[in-house]
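Participant: Just so you know, the protein sequences line up as chains A and B, in that order. Per the numbering used here, the first sequence runs over residues 1 to 163. Per the numbering used here, the second sequence runs over residues 164 to 662.
The set of hints was computed from the structure by calculation and includes no laboratory data. Here the structure is a predicted model, which is why all the values come from computation and not from measurement. It is possible that some hints are incorrect.
[What the hints assert, rightly or not] Partial pick of chain B residues on the chain A-facing surface, computed with a CB cut under 8 Å: (1) Thr-351; (2) Pro-559; (3) Val-563; (4) Ile-566; (5) Leu-571.
[As the list claims (entries may be wrong)] Here are some chain A residues the structure puts well away from chain B; computed CB gaps all over 12 Å: (6) Lys-2; (7) Arg-55; (8) Lys-57; (9) Arg-81; (10) Phe-153; (11) Leu-156; (12) Gln-159; (13) Ala-160; (14) Leu-161; (15) Gln-162.
We treat Cβ as the ideally placed atom computed from N, Cα and C, and that holds for glycine.
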Amino acid sequence: MKLQNRHYFSLFWVLFFLVIIVTSLGYSYKARLIPLVVSIPCFIFAVYRFYVELRTKEEENATAEGGHKSKKEKIDPVVRRKRFIRIILWILFFLALIFAVGFLYAIPIFVLSYMRANKESWALSVLCAGGMTAAIYLAFIVGTRSTLYEGIFIPLIRQALQQ
Amino acid sequence: MSLWDAIWSGLAGVLTWPAFGLMLLTIPIGLIFGIIPGMGGNMGLALLIPFTFGMKPLEGFAFLLGMHTVVHTGGSIPAILFDTPGTGPNAATCIEGFPMAQKGEAGRALGAALTSSMLGGIIGAIFMALIIPVLRPVVLAFGPPEFFMLAMMGLAFISLMSGKSLLKGLMAGGMGLIISFVGMDPQTGIVRFSFGLLQLMDGINIVTIVVGLFALAEVIDMAIKGGTIAHTKSADIKGTGVWQGIKDTFTHWWLVIRTSIIGGIIGFIPGLGGDAAAFICYGHALQTSKRKEEFGKGCVEGVIGVDAAHNAKEGGALIPTLAFGVPGSSGMAILLGAFMILGVSPGKEMFTQNLNLVFSMVWILVIANIIAVILCLPFAGPLSKITFLRTSVMIPFILVCGILGSYLTTSRISDIIITAIFGLIGYGMKRFDYARGPLILGIVLGKIAENALHISLNLYGLKFIFRPIAFIILVITLGTVLYPAYKEHMKKKLAEEGR
Numbered sequence: 001m002k003l004q005n006r007h008y009f010s011l012f013w014v015l016f017f018l019v020i021i022v023t024s025l026g027y028s029y030k031a032r033l034i035p036l037v038v039s040i041p042c043f044i045f046a047v048y049r050f051y052v053e054l055r056t057k058e059e060e061n062a063t064a065e066g067g068h069k070s071k072k073e074k075i076d077p078v079v080r081r082k083r084f085i086r087i088i089l090w091i092l093f094f095l096a097l098i099f100a101v102g103f104l105y106a107i108p109i110f111v112l113s114y115m116r117a118n119k120e121s122w123a124l125s126v127l128c129a130g131g132m133t134a135a136i137y138l139a140f141i142v143g144t145r146s147t148l149y150e151g152i153f154i155p156l157i158r159q160a161l162q163q
Numbered sequence: 164m165s166l167w168d169a170i171w172s173g174l175a176g177v178l179t180w181p182a183f184g185l186m187l188l189t190i191p192i193g194l195i196f197g198i199i200p201g202m203g204g205n206m207g208l209a210l211l212i213p214f215t216f217g218m219k220p221l222e223g224f225a226f227l228l229g230m231h232t233v234v235h236t237g238g239s240i241p242a243i244l245f246d247t248p249g250t251g252p253n254a255a256t257c258i259e260g261f262p263m264a265q266k267g268e269a270g271r272a273l274g275a276a277l278t279s280s281m282l283g284g285i286i287g288a289i290f291m292a293l294i295i296p297v298l299r300p301v302v303l304a305f306g307p308p309e310f311f312m313l314a315m316m317g318l319a320f321i322s323l324m325s326g327k328s329l330l331k332g333l334m335a336g337g338m339g340l341i342i343s344f345v346g347m348d349p350q351t352g353i354v355r356f357s358f359g360l361l362q363l364m365d366g367i368n369i370v371t372i373v374v375g376l377f378a379l380a381e382v383i384d385m386a387i388k389g390g391t392i393a394h395t396k397s398a399d400i401k402g403t404g405v406w407q408g409i410k411d412t413f414t415h416w417w418l419v420i421r422t423s424i425i426g427g428i429i430g431f432i433p434g435l436g437g438d439a440a441a442f443i444c445y446g447h448a449l450q451t452s453k454r455k456e457e458f459g460k461g462c463v464e465g466v467i468g469v470d471a472a473h474n475a476k477e478g479g480a481l482i483p484t485l486a487f488g489v490p491g492s493s494g495m496a497i498l499l500g501a502f503m504i505l506g507v508s509p510g511k512e513m514f515t516q517n518l519n520l521v522f523s524m525v526w527i528l529v530i531a532n533i534i535a536v537i538l539c540l541p542f543a544g545p546l547s548k549i550t551f552l553r554t555s556v557m558i559p560f561i562l563v564c565g566i567l568g569s570y571l572t573t574s575r576i577s578d579i580i581i582t583a584i585f586g587l588i589g590y591g592m593k594r595f596d597y598a599r600g601p602l603i604l605g606i607v608l609g610k611i612a613e614n615a616l617h618i619s620l621n622l623y624g625l626k627f628i629f630r631p632i633a634f635i636i637l638v639i640t641l642g643t644v645l646y647p648a649y650k651e652h653m654k655k656k657l658a659e660e661g662r
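Pulled out of the complex, with its shape left as it was, chain A reads as follows:
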């Protein structure tokens, strides 16, 4: 039997509560009491849910209690998977940009590249990227004088330029 996404997601809950139980056992009585009171029944529920998911076929699951809506949405699973991977990669790209060059540079780069990749016009993409960056700059740097994360490279570049 081939495992599907819903099986993996059910398995995630089983593993989550299992890790919590095992970790809790390492704490003192007082510290582990409530986490165990919560996680042991939840682990049993999760195992039961996983068992139910394994036994339920896709069609039954779509209409059964708590079943997901893949049938109703009518998106081809291959297309769904492709789009899912694509958006996850975009999110990772944005996070990586933030860690590399900080918010003030990551935001315009990300907005511009995402909108252009999704076939928005240059004018609208530049307008959105510039507008969003300007709004954030005005609200946080000028207005509230907050310190936005600068990333790994910007302080290094600044240091190099100062020397």
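Keeping the supplied structure of chain A fixed, place chain B upon it in accordance with the hints.
Facilitator: Frame of chain A; chain B shown alone:
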């Protein structure tokens, strides 16, 4: 000074220049601080306090309270339009507000949220004025056993918020509780579930999780489905639903009053906070609704109940702050500091010599809420049209706001990774029909419940259950859980007999 003299002199004080002008100045600032995720009222207060030096007490109150009162009103706007709560309590607005936006009813949701926020704020202020003599002995009687029972009452709503599958709801609630235990345990000093990561030692902030669970999950879902946030083009394209939302609020006037009073009472009790008020009132709206099956799919009652509660909470939270010097929330703690800077000390004198100042605060709450809604309502219609923009325009906007909000809440860059992880979990929950509300409820109430339980057991042993107020709350909780089941059972029985 008689009570009536104090009421009218309080109003006259607020309406004089420059107090009124200062309040008008800070109301839009409060709305903006609410709209931008991660900023919130506490940051606003911290930034505004330096400007109060040299102001008279009344001017300072108008300046600070005017801003603080309307923050949650602004916070509902991104919660409804982008599934990104502006402040913690607005997370509960997301549950029904965003599905309404998806149905093309963003205008209606905004109209209902703004109007119920205003009414909640007004009722909360009136509640504050009326309840002081009655509830003073009650609030002094509140200890850990009562806190624990209140938290249990809130957690009992998990069963109602679980949607189609109770088991999935319980698991989500369990995960929320476990997440609330992450970090230093105040009872034992042990750091739990941090897995050696320094970043988790202080626990995980609720906004960090909510942004992932709702906003990021929605970004993923939107990218997969394409189109627009609103799945329909027919309903609310002109933003005309705003008036429908206003009408809905007045149709459900009894719900507004009930949730405002509950919000006010929760605000009155130090330590529970706005998040608890919002979620408990969401549970109450769900429990008492005749259209339970519509909850989770965009039910206006869920928006009305939550938004009335979090604004009403501010009035309630002012009572212990002014009367006993015990702040009802972190925002009130900052305000308390500001009061002292302005030369006003909380305590008995507030309700004897400075009664007109107390009523000035009540009027500020009322007037600020009305002005905030007057400012926001004309924009609600145009704002609702945002939900009809293409996802390729909306996704970068929501993603930037969400990630930035997550970072700004704690100023810890590692939190954006936690947000991303919860984005994945949130998407999985959405796709496979796990209700996300119970998870948030678990996070909000878990820590309160655990701490209160340990202290109660240490102080009273198991007898704490039988303390009068704790026992009353326990009976109400049991009634909350059992009565709907009994009603359902009787309905079935009557239907069978009818056949």
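Participant: Indicate, hint by hint, whether the structure satisfies it.
Facilitator: A quick look at each hint next to the structure:
The beta carbon of Thr-351/B is positioned within 8 Å of a beta carbon in chain A (closest approach about 4 Å), and the interface hint is therefore held. Of the supplied interface hints, the one on Pro-559/B holds, with its beta-carbon coming within about 4 Å of a beta-carbon of chain A, less than 8 Å. A cut of 8 Å between beta carbons decides the hint on Val-563/B: the least distance to chain A is about 5 Å, and the hint holds. Annotation: interface hint on Ile-566/B holds; nearest CB of chain A at approximately 7 Å, less than 8 Å.
Given the 8 Å rule on beta carbons, the hint for Leu-571/B holds: about 7 Å separates it from the nearest Cβ of chain A. Every CB of chain B is more than 12 Å from the CB of Lys-2/A (nearest about 17 Å), matching its label as outside the interface. Its beta-carbon lying about 15 Å from the closest one in chain B, Arg-55/A satisfies the requirement of being farther than 12 Å from that chain. Residue-level check passed: Lys-57/A sits 15 Å from the nearest beta carbon of chain B, beyond 12 Å.
Against the 12 Å criterion, Arg-81/A falls within the reach of chain B, whose nearest CB is about 9 Å from its own CB. Non-interface call for Phe-153/A relative to chain B: holds, since the shortest CB-CB distance, roughly 14 Å, exceeds 12 Å. Listed as a non-interface residue, Leu-156/A keeps its Cβ farther than 12 Å from every Cβ of chain B; the least gap is roughly 16 Å. With 12 Å as the threshold on Cβ separation, the claim that Gln-159/A sits away from chain B holds: the shortest Cβ distance comes to roughly 19 Å.
Interface exclusion of Ala-160/A from chain B stands, the closest Cβ pair being 22 Å apart, more than 12 Å. At the 12 Å boundary, the C-beta of Leu-161/A stays outside the reach of chain B, the nearest C-beta of that chain being 23 Å off. Gln-162/A, annotated as away from the interface, keeps every beta carbon of chain B farther than 12 Å; the closest lies near 23 Å.
Figure legend: structure checked against the earlier numbered hints; the only hint not met is number 9.
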